[in-house]
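Colleague: Heads up: the protein sequence lines correspond to chains Y and G, in order.
Just so we're aligned: the first sequence equals residues 1 to 157 in the numbering used here.
Just so we're aligned: the second sequence equals residues 1 to 282 in the numbering used here.
Mixed in with the good hints, there may be bad ones.
Said to hold, decoys possible - Distance ranges between label pairs, derived from CB positions: (1) Y:2 <-> G:169: 39 to 47 Å; (2) Y:126 <-> G:18: 54 to 62 Å; (3) G:10 <-> Y:32: 36 to 44 Å.
For the record, the hints were derived by calculation from the structure and aren't laboratory data.
As the structure is a prediction and not an experimental result, all values here were calculated from the model.
Glycine included, C-beta positions come from ideal geometry on N, C-alpha and C.
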Amino acid sequence: MAKVTFTLNGESITVDEPLNMRFLDILRMKLGLTGSKEGCGEGECGACAVLIDGQLVNSCLLPLGSVEGRNVMTIEGYRKTKRYKILEDAFIEEGAVQCGICTPGMVMASESLLNQNPKPSEKEIRIALAGNLCRCTGYEMIFKAVKRAAKEGEGLW
Amino acid sequence: MKHVIPKTYKEALEHLSEGTYKVLAGGTDLMVKNRSWSETPARFKQDMLYIHNLDELRYVEDKGDHLAIGALTDYETLLRHEAVPKVLKDCLIEIAGPAIRKVGTLAGNIGNASPAADGVLLLYLLDAQLVIERKGARREALIDDVITGPGKTTLSNEEMIKEIRLPKSTFTKTQFLKVGGRKADAISKVAFAGAVRIEDGIVKDLRMAIGAVNVTVVRLREVEKLHTGETISAVQDSIVSIKNAYVPHIKPIDDQRSNRVYRKRVAFNMIEDFIMNMHIQD
Ligand SMILES: Cc1cc2nc3c(=O)[nH]c(=O)nc-3n(C[C@H](O)[C@H](O)[C@H](O)COP(=O)(O)OP(=O)(O)OC[C@H]3O[C@@H](n4cnc5c(N)ncnc54)[C@H](O)[C@@H]3O)c2cc1C
Ligand code: FES
Ligand code: FES
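The following block holds chain G by itself, in its conformation from the complex (with noise of 0.2 Å):
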């Protein structure tokens, strides 16, 4: 097996052109999932490439529309920028300590496709675009379509994701919520993650993204759009039938960490929080 570390991100995109390499980054999911017996490497099933010296894919840039996010920009660095959004930040300084922070990336995140994944979840929320590339081609594309199932993407063997591009928007509240076990490397069991614009008392935009409750993130935008223009006691009083629309979707297993009656109750009672809450400013 081939073990490389690319000197610039072209390099990388060559390599990855042969189709046989799986790329590292922080390294936080892949060297747990390899993990082999302690004082030996790594176990890993196919050629790796190590693109943790990348810096030029390291960057945060305020495009004007959007904000642009280097796929091996870490959660630290994302915390302490400041055009980050709060609910971003909100969800990543929950996600381990400080020295699993350092080094994850939204990018592992989306490629790990864990459905309980805290990154991936408020992407969906706020409508994040992918740019991913391969040697010579290029494409965007919506989070909720590289994302197909539990550790299953649209990511073929020669791409990787060079950029998240997050649209800017506004938003009156926005929520984030987890139930994990310890906080500080809690995998979630249930997490919901909100965000509403209300005008004049009406709602102009409404978004809820729940995890670890499907085998992707649940967001039903035809549920928002449902209910955008409404004013808030209209949307406030659907409630029922905004739970009933989540009922075929909210399907949760049993697994170490939870159990599926426990899930749907928590995740029917985020949504419900939220609904009913949502003209109350924190």
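Looking at chain Y on its own, in the form it has when it is part of the complex (with noise of 0.2 Å):
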């Protein structure tokens, strides 16, 4: 057990637990934010995808050892937001969820991309989504949502 310090959603937090365990199981089991999914638990689907330091990065593959000191956004902190609400709105709009278990990180992704890039491209934004995996959408619609939330959201980002 070692005390780790950082910040989630914007408030400082230390927990107390093995720097071995994976983020995403902190996230989940200690602190009761289930929002991040477990897809594959090995980087491959981004399901777990949270946000450090405002970039997207897989929770599965983090150790608590890594988030030392860092600014973590889960979406659970996202969904406070106003971006949140123009990419929930778009996402919904144009159909871009269906059983939701890729949306959590779906949604993080494209507010990555979307923070560094507010009037991505189509290849722009599907090289940003390229590790997020969905069995449902087809991803056509997920794309189109992100397009949508860049326009309806042009100056947020």
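Put the complex together from the two separate chains, hints included.
Modeller: Listed below in structure tokens is the structure:
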């Protein structure tokens, strides 16, 4: 066990857990934040993605020991923002959600993209979402949703 | 087993000097390899040093004759940096997706020493020098001299890579080709990186590196040297003998990702394609 301090959704937090625990499990089991999902547990599906210092990282491959001092945002914190609302509306509008397992990761990946590139091209959207698998939608609706969000939320990113 | 987050690089070297620790950088190889059941901690087999917070090892500096890359610099940062060579970026953009690239590092790619590693392939192509340190000592070595086999390096338990140096070079054409499965996260079945500098029809610099066809990356500097200084057509006329020179070195294996016949054929096609088209700009 070791104490690790980081910022979680805007608030400083210290947890006292083994450093080799997966950050995904810290979120889901120790902190009750179950928005981040486990799809594969091997870095391949992106369902567990969170933002670290504003950029997308898979929490299933992140040991707690890597989070010291970092600024973490999960879907639970992100959903309180205006940007989230834009993405939520766009995802609904374009029918980009079916079973929803991939959605938190997709939304975090979209935020990470738009934050770095507010006007992404189709190709840039595809690159940004390449690490996120969806078994339901066939992706086209998700790409469209991101495009729509970029337009509707102009100035927010 | 001990688990430590060092506060400084100096402290990290101090711990390493005990000889029992393994460093975890991005963790994208280590966490997969030591994966346990879901909801349980990773099952590491030795003391662990979590160095992800050592921001002092995150830098890309233009040093005039070379580019200095701090060991913890992640792939996404390299992709965005203007001084990073295009051929390296062409490779990095094909490694996984952004969430892996945000934490994955070249130093980790070296430490993992997979014959299929893509970053390492480019480090061979670019003649990368590694700055390797342990408490109170420092050495520099060419990438070829550090990686010795699958998962094997000359790094001792007390050492870590501090910096990767890429000597500056100009090329008239470069190429990175990777054959894998799904684009965003395929481990290479075969990978090829080539670079050439042609001036007034003369081949001044010729380099080819091939991955996943032997225990380490294949780069035959003697073959390359043999043909530097020749005209384009002289080099291209030698294509059969060039390919022959690679025959003893292209010794791929069968595994779950591909088989040796396919790998061999693709590797030789890649060599031929690069040589025969080296004068054609993209
Ligand atoms: C979904 C997915 C897709 C992937 N796709 C690719 C791909 O397309 N191509 C590819 O090449 N790889 C790929 N990888 C593998 C991996 O991401 C890379 O090898 C990456 O570069 C590892 O870096 P890391 O910092 O995460 O390493 P870590 O897992 O932290 O470490 C790996 C090894 O290097 C050692 N090490 C780390 N830093 C140092 C240092 N500074 N000095 C000495 N030793 C050190 C560690 O002790 C360990 O032995 C993929 C991985 C995943 C999960
Ligand atoms: S659960 Fe983390 S990438 Fe699939
Ligand atoms: S909506 Fe079901 S996996 Fe994407």
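Colleague: Give a verdict on every hint.
Modeller: Hints and how they fare:
1. Y:2 <-> G:169: 39 to 47 Å: Between residue 2 (chain Y) and residue 169 (chain G), where Cβ atoms are some 45 Å apart, the hint holds.
2. Y:126 <-> G:18: 54 to 62 Å: 46 Å, violated
3. G:10 <-> Y:32: 36 to 44 Å: 38 Å, holds
Checked against the numbered hints above, the structure breaks only hint 2 and satisfies the rest.
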